[in-house]
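Participant: Fit chain Z to the supplied structure of chain D, relying on the hints for placement.
Note that the protein sequences, when read in sequence, are chains D and Z. So that you can map any letter, position 327 of the first sequence is 327 in my numbering, and since no number is skipped, the others follow by simple counting. So that you can map any letter, position 71 of the second sequence is 71 in my numbering, and since no number is skipped, the others follow by simple counting.
Think of the hints as simulated: they come from the structure by calculation, not from any bench. Built from N, CA and C at the ideal position, the CB exists for glycine as well. Among the hints, erroneous ones may be present.
[Stated by the list, open to error] Chain D is faced by these chain Z residues, among others (derived, beta-carbon under 10 Å):
| # | residue |
| --- | --- |
| 1 | Ala-27 |
| 2 | Glu-34 |
| 3 | Lys-40 |
| 4 | Thr-59 |
| 5 | Gly-66 |
| 6 | Thr-69 |
| 7 | Leu-70 |
| 8 | Pro-81 |
| 9 | Leu-89 |
| 10 | Asn-91 |
[What the hints assert, rightly or not] Sample of chain D residues lacking proximity to chain Z, with all beta carbon distances greater than 10 Å (derived):
| # | residue |
| --- | --- |
| 11 | Gly-70 |
| 12 | Glu-71 |
| 13 | Asp-72 |
| 14 | Arg-252 |
| 15 | Val-259 |
| 16 | Leu-262 |
| 17 | Gly-354 |
| 18 | Lys-368 |
| 19 | Met-412 |
| 20 | Arg-417 |
| 21 | Lys-425 |
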Amino acid sequence: MADKLSWTELRRLIARRAGVSEKSANAFLNSLNTQIVEALKRDKQVKVNGLGTFKLQAVSPRKSVNVTTGEDITIAGYNKIAFSSEAGVKELVEKNSTISGQPSDANTIDPLQKLSAQAEEIVDLLGDLGQSPNKPEEQKEEPVKEPSVVNIQPSEEAVEEPKEESAVPETPASPEKPKRPKRPAKRKEAAAEPEKTVEPVAEPKEEPVVETVVEPAPEPVAEPIAEPISEPEMPAEPVQPEKPKKKRHFWRDTLICVVILLMILVIAFFFFRDKISDMIHSMVEENTQELVVKEQPNAPSAINMQPSEEAVEEPVKEPSAVSIQPSEEAVEEPAEAEEIIYTQWMKTETITKGSRLAWIAKKYYGAKVYWPYLYDANKDHLDNPNMIKIGTPIRVPKLTKLQRDTTNAQTMAAIERLRIEAEGKMR
Amino acid sequence: MLTKELIGLISTDSGLSKKETEQLLAATTAVMRENLMAGKTIQLQGLGSLEVKERKERTIVHPKTGKRTLAPSKKQVAFKPVNNIKDTLKNI
Chain D
1 MADKLSWTEL
11 RRLIARRAGV
21 SEKSANAFLN
31 SLNTQIVEAL
41 KRDKQVKVNG
51 LGTFKLQAVS
61 PRKSVNVTTG
71 EDITIAGYNK
81 IAFSSEAGVK
91 ELVEKNSTIS
101 GQPSDANTID
111 PLQKLSAQAE
121 EIVDLLGDLG
131 QSPNKPEEQK
141 EEPVKEPSVV
151 NIQPSEEAVE
161 EPKEESAVPE
171 TPASPEKPKR
181 PKRPAKRKEA
191 AAEPEKTVEP
201 VAEPKEEPVV
211 ETVVEPAPEP
221 VAEPIAEPIS
231 EPEMPAEPVQ
241 PEKPKKKRHF
251 WRDTLICVVI
261 LLMILVIAFF
271 FFRDKISDMI
281 HSMVEENTQE
291 LVVKEQPNAP
301 SAINMQPSEE
311 AVEEPVKEPS
321 AVSIQPSEEA
331 VEEPAEAEEI
341 IYTQWMKTET
351 ITKGSRLAWI
361 AKKYYGAKVY
371 WPYLYDANKD
381 HLDNPNMIKI
391 GTPIRVPKLT
401 KLQRDTTNAQ
411 TMAAIERLRI
421 EAEGKMR
Chain Z
1 MLTKELIGLI
11 STDSGLSKKE
21 TEQLLAATTA
31 VMRENLMAGK
41 TIQLQGLGSL
51 EVKERKERTI
61 VHPKTGKRTL
71 APSKKQVAFK
81 PVNNIKDTLK
91 NI
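Excised from the complex, chain D in its bound form (with noise of 0.2 Å):
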């Protein structure tokens, strides 16, 4: 272990290898060396593939009191080379060290080590859960009382052993452990619950082996009132190793079923809201239809109105006339129909640096193309559709669904109709 490559063997084996001169191996040694030095001194850092990287690493001066007298003093900070090797030198170190290192010690000195460890982590694992779920709890303190309490329960046992026995075949049939795979398990549960005066009830077996004398560990530790407590998990014993491990799964699996399904929420959230805002809008068209019954009594009129124009004038004009009319009846109804419609608003906007109505367009009603109708519910305190003051509030209106409709032609015509109006205000 502690055996020295010495520079003259490190220079043969080199040359021997590269297939080199020794003289040449040890002008490369020699110039390696060197050179890892003046590296060092220049950037602080030199890396040698296949084997690892050292380092200038700083230590800051720090602060010490003198021991004899009792002064502060610092000491000052200065330059320390740190190596730091590659994974892979890692690896093979780490793995060859375990192999060959010391194998014998290793061997009796790991179980030991595993089994401390475990036991940290369990008595951590318990300080973790508290009491809230005896199940666990109870399981893993078995493994950690095991080697100092079988020992002492034999006696114990010794004891008692023909009482509970005689009072077992009494109440085997208590139907409490179904699942029960262990005689033995059960008389001690029946045992455990009509005697509590005598507590170590469990010990009747310490011929069914292990897991026998595995289960008295706890009990005598969790006291009587403990016991039916207790006792309902013990079936699951024999599995203990497994069990952590199972729950961890369980843990696990549970968590990634929770994050798939609120992914498939989220996925079908952003899938159905168009139909769902389409709902809305659906119920609002309802809603506005109304208005728009109230509007009716006006568009009519104007509706009758025309006709009555129409009946004057077409006696007197061409059927040419007929046609030009029915056009301009078309272009004045949706506008008026607008203008009463906003009356549902979804949200005022307020204009930021380089935002614009094409853009909150785009974040309401999902295309640019809507802006005009922006324009149009808020003209009253828009001059200029391109020039908008930074922290005028924009109103939002709802649309129904006809005033969406990018196919329908009346409503293309509408939005037309506003834009060319917005336009005309710019400049």
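Facilitator: Chain Z only, in chain D's frame:
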């Protein structure tokens, strides 16, 4: 500094060709690795020594949960510089 630069410097310093230097460096690291694996200490004259040290197991505390666990012992390659190198590099 990276290995490539190091090779360049060594080749100009020692008068070997770059290719040779590269081969030699590869051979060197291979030899070093093998010997470190065997648990040997490698002495580099005028620089220091590389040796395998054992880090003892210790309890570590998880910073978030405060859980204490046992970090297993492990082997590490440590570099110990020669005194005069250590001193020259102490104050740069």
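Participant: May I ask which of the numbered hints given earlier this structure violates, with the numbers listed in increasing order?
Facilitator: none
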